[in-house]
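Chemist: Protein chains in written order, with the numbering used here: chain R, 244 to 520; chain W, 96 to 472; chain S, 869 to 957.
Please note: incorrect hints may appear among the correct ones.
[As the list claims (entries may be wrong)] Here are the simulated DSSO-like pairs of lysine-lysine, each with C-alpha atoms no more than 27 Å apart in a straight line:
#	chain 1	residue 1	chain 2	residue 2
1	R	Lys510	R	Lys434
2	W	Lys412	W	Lys256
3	S	Lys955	R	Lys280
4	W	Lys351	R	Lys330
5	R	Lys330	R	Lys510
6	S	Lys955	R	Lys250
7	W	Lys351	W	Lys256
8	W	Lys412	W	Lys291
9	W	Lys98	R	Lys510
10	R	Lys513	R	Lys250
11	R	Lys280	R	Lys432
12	R	Lys432	R	Lys250
13	R	Lys250	R	Lys330
14	R	Lys250	W	Lys330
15	R	Lys513	W	Lys412
16	W	Lys412	W	Lys330
17	R	Lys280	R	Lys250
18	W	Lys351	W	Lys291
[Stated by the list, open to error] Quick look at which bits of chain R chain S covers, simulated, 3 or more residues with Cβ under 8 Å:
#	stretch
19	245-253
20	260-269
21	408-422
22	498-508
Since the hints were derived computationally from the structure, they do not count as laboratory data. Small disclaimer: the values here were computed from a predicted structure and weren't measured. Glycine included, each C-beta is placed from N, C-alpha and C at the ideal position.
These are the residues of each chain, in order.
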Amino acid sequence: MAFDYEKYLRMERMPHMWCPGCGIGIVVKAMLRAIEKMGWSQDDVAVVSGIGCTSRTPGYLDFNTLHTTHGRALAFATGLKLARPDKHVIVISGDGDAAAIGGNHFLHACRRNIDITLIVVNNYIYGMTGGQASPTTPFGMRASTAPYGAVDPAMDICQVAIAAGATYVARGTVAQGLLLERYILNGLKHKGFSVIEAMSDCPVQYGRRNRMSSAVEMIQWIRDHGVPVTRAKELPPEELEGKFVTGELHVAERPEYTEEYRRLIEKAQKAAEGAHG
Amino acid sequence: MAKEVRLWEGNHLVAEAAILAGCRFFAGYPITPSSEIAEYMAVRLPQVGGTFIQMEDEIASMGAIIGASLAGVKSMTATSGPGFSLKQENLGYACMAEIPVVVVDVMRGGPSTGLPTHPSQMDVMQARWGTHGDHWIIALAPAFIHEIFWATVRAFNLSEKLRIPVILLLDEILAHMHEGFRLPDSSEIEIVDRAKPTVPPDRYFPYDESQGDVPPLAAFFSGYRFNITGLNHDKSGFPTTNPEIIQRDMERQRRKIERHLDEILWWDEHELEGAELAVIAYGSIGRSAHAAVDRARALGIRAGLFRPITLWPFPEKRVAALAEQVRTILVPEMNMGQLVLEVERVAAGRCDVVPLGKVGGIPIDPPEILEAIKARV
Amino acid sequence: MAETRVQEGKAAGAVEQPSPGKSLPRIEVIADFCKGCEICVVMCPRNVLEMRADPSRWVGSVVAVVRPEACTRCMLCEVHCPDFAIKVF
Chain R
244 MAFDYEKYLR MERMPHMWCP GCGIGIVVKA MLRAIEKMGW SQDDVAVVSG
294 IGCTSRTPGY LDFNTLHTTH GRALAFATGL KLARPDKHVI VISGDGDAAA
344 IGGNHFLHAC RRNIDITLIV VNNYIYGMTG GQASPTTPFG MRASTAPYGA
394 VDPAMDICQV AIAAGATYVA RGTVAQGLLL ERYILNGLKH KGFSVIEAMS
444 DCPVQYGRRN RMSSAVEMIQ WIRDHGVPVT RAKELPPEEL EGKFVTGELH
494 VAERPEYTEE YRRLIEKAQK AAEGAHG
Chain W
96 MAKEVRLWEG NHLVAEAAIL AGCRFFAGYP ITPSSEIAEY MAVRLPQVGG
146 TFIQMEDEIA SMGAIIGASL AGVKSMTATS GPGFSLKQEN LGYACMAEIP
196 VVVVDVMRGG PSTGLPTHPS QMDVMQARWG THGDHWIIAL APAFIHEIFW
246 ATVRAFNLSE KLRIPVILLL DEILAHMHEG FRLPDSSEIE IVDRAKPTVP
296 PDRYFPYDES QGDVPPLAAF FSGYRFNITG LNHDKSGFPT TNPEIIQRDM
346 ERQRRKIERH LDEILWWDEH ELEGAELAVI AYGSIGRSAH AAVDRARALG
396 IRAGLFRPIT LWPFPEKRVA ALAEQVRTIL VPEMNMGQLV LEVERVAAGR
446 CDVVPLGKVG GIPIDPPEIL EAIKARV
Chain S
869 MAETRVQEGK AAGAVEQPSP GKSLPRIEVI ADFCKGCEIC VVMCPRNVLE
919 MRADPSRWVG SVVAVVRPEA CTRCMLCEVH CPDFAIKVF
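If we strip away everything but chain R, and leave its shape as in the complex, we get (with noise of 0.2 Å):
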């Protein structure tokens, strides 16, 4: 049965502005069915964004939404969510936004492990501002900043994730927009700072440039490109080269922040009852 997406959108802000095929709204709707699945109440939940085509998603939803600055959305997110840890803070990001401006902000939403789920629509450009090399733009490939080819290795975000401490992280694919609402449920069921990476395709400014004008032809290319995960363990590295590795990369425990936070000030409160006592 068709989905009530409307339920989740600002109706009247539609339809939205990102381009024909672009696979930010597959995204979206993958993480509005995750949201669904959580039952939660849309009062308890805001989604913030930094700056890009991807950070336009909270105006479109019918949630508390922030769309910050390039890169901070982590750092506003990260006051909303210790202002209030009962609520459900979202961070919807592009892979400029979230590794190259926001790099230090999601390097440390990571090591603190607070109960953010963080999305990373990784389209391997900057789209909005005319189809500029990200730090995901794979080596080789051509951006209006890098006419000849990147020479800048890719940064792979789930494998920084994994290393700065985030306790889930996963990678899907706008080529696989079920097994993508599943990860991002899980990272929403988590408690801790969840990451989930979504492969995705920009034939506008990424496409173009590279012999995938179309959105067919990208979401093509995504799909033959993403190894899952356990097929990938059997693999030798030569044939993993210029692939990318699909599925729940890494699950763990961890003090969560906001709890931790509790109890500090439990332990604050005790102390001063004890010097004051």
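Mind docking chains W and S on chain R? Use the hints.
Modeler: Okay, now just chains W and S, sitting in the frame of chain R:
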């Protein structure tokens, strides 16, 4: 807590005053000479059920306090010169989105890393124009321990009342100075909380001009679901590029300041009656100027002191009247001439305006100011 | 580490055959939202959808339901439509 006169360090008193004013969230990053504010908050905030967080950088601290404020929690951060530069990005966001926050800047020498452990008053213009684009902001520069207390409370109250970031400008001298002060009881402190919407959620707009120049700000998660953006926005908080809407919105933001000048402007006057020379000084140099004026009066020189505590908005009317009254206005400040530019603008040639700028991390002492006074009368 | 073995499509139910005993699926296209990207057409395992040229639209084409009887309600078109333009009931 026993309320008796005790010695307070400036930085510690800012933190304690903030807590009494209702601050329950602080995000910061270590930087000299403001770090004691964060350290004090780290101890005290959890005791009162609040939250302290040391963020990964100054930018994140500024972002975090805006996030917490949006959830309805009074929030503050503290920094010094280089950190203040980094905060400008999200300070502009707080201006654009009209989110109440208090930012303490303990001024040290600059630019760049400058003089980390020495005082300056070099951030006066940055406090006004540090972030890009047209915006309105309030900056307070207290000079005494008791004034630090009341300025901090006032910073929160103005911020909450007007939905505007308020900057508390200290300098290294004030931050690390100890003076006696009796902490007031909470009953002695007037606390202002931001207006909450009275309309039902379906009729709520976070920038609704029909609700007044300062439209109520609902807290996130309070049943009012709305959008906040750093883009120019319409009354509902959604992005717009409509020139008429943007013009009206910016004019409303300016009116927030213009129509509340009586509450925002705060200054101290000393011996100005009959004065033919006025010293305009603020912060720790205001103290030196006070002593210099007393010595000048003892010598029979008709000097007086105008000591603004509110630097931004600048007390234009009062300074213009002074410019009519006196022959000379002397402006000593620990920079190469910042507030003096504003005095010159307002005096508009009606009297001589003399800068007395000093840098290098040493305060301007009373004899130096007295000499400058004597040279002009 | 819970790697999932579920293949896309199968996760949603029967791709191969229309469910017996149920009414025929109804596929609704919100033409105003469709940007003609064609993703739904390639996602559909049973060729239910097709692009139709429409010069009146800035995108030049719009999706059309051409074989509704073949639809199995696998939802892949709906799930992968980035424009919230297709609904399967």
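Chemist: Evaluate each hint against the coordinates.
Modeler: Now the hints, each set against the structure:
1. Simply put, Lys510/R and Lys434/R have alpha-carbon atoms about 22 Å apart, close enough for the 27 Å limit, and the pair holds.
2. Taking the CA atoms of Lys412/W and Lys256/W, the gap is near 23 Å; set against the 27 Å cutoff, the hint holds.
3. Among the hinted pairs, Lys955/S with Lys280/R is consistent with the structure: their alpha-carbon atoms are about 19 Å apart, no more than 27 Å.
4. A threshold of 27 Å between alpha carbons decides the hint, and for Lys351/W with Lys330/R the separation of about 32 Å lies outside it, so the pair is violated.
5. About 23 Å separates the Cα atoms of Lys330/R and Lys510/R, which keeps this hinted pair within 27 Å; it holds.
6. Using a Cα cut-off of 27 Å, the hinted pair Lys955/S and Lys250/R holds, with the two alpha carbons roughly 14 Å apart.
7. With a CA separation close to 10 Å, the supplied pair Lys351/W and Lys256/W stays within the 27 Å bound.
8. At most 27 Å may separate the alpha-carbon atoms for a hinted pair to count; Lys412/W and Lys291/W exceed this at roughly 33 Å.
9. For the suggested pair Lys98/W and Lys510/R, the alpha carbons sit about 25 Å apart, so the restraint of at most 27 Å is met.
10. For the suggested pair Lys513/R and Lys250/R, the alpha carbons sit about 45 Å apart, so the restraint of at most 27 Å is broken.
11. With a C-alpha separation of about 10 Å, the suggested pairing of Lys280/R with Lys432/R holds against the 27 Å cut-off.
12. Proposed proximity of Lys432/R and Lys250/R is supported: the alpha carbons are some 21 Å apart, at most 27 Å.
13. The straight-line distance between the Cα atoms of Lys250/R and Lys330/R is roughly 19 Å, inside the 27 Å bound, and the hint therefore holds.
14. Distance restraint check for Lys250/R and Lys330/W: the Cα-Cα separation of roughly 23 Å lies within the 27 Å cut-off, and the hinted pair is therefore satisfied.
15. Proposed proximity of Lys513/R and Lys412/W is contradicted: the alpha carbons are some 52 Å apart, above 27 Å.
16. Pair hint Lys412/W plus Lys330/W does not hold up; C-alpha atoms about 33 Å apart against a cutoff of 27 Å.
17. A C-alpha spacing of about 13 Å is found between Lys280/R and Lys250/R, which places the hinted pair at or below 27 Å, so the restraint holds.
18. Distance restraint check for Lys351/W and Lys291/W: the Cα-Cα separation of roughly 17 Å lies within the 27 Å cut-off, and the hinted pair is therefore satisfied.
19. Under a criterion of three residues with beta carbons nearer than 8 Å to beta carbons of chain S, the stated coverage of the stretch 245-253 of chain R is upheld, 4 such residues being counted.
20. A stretch counts as covered by a chain when three or more of its residues have a beta carbon under 8 Å from one of that chain; for the stretch 260-269 of chain R and chain S the count is 9, and the coverage holds.
21. For the stretch 408-422 of chain R, the stated coverage by chain S is satisfied: 6 residues place a CB nearer than 8 Å to a CB of that chain, which reaches the threshold of 3.
22. Residue count for the stretch 498-508 of chain R with a Cβ under 8 Å from a Cβ of chain S: 0. That is fewer than the three needed, and the coverage hint is violated.
Hints 4, 8, 10, 15, 16 and 22, counting from the list given before, are not met by this structure.
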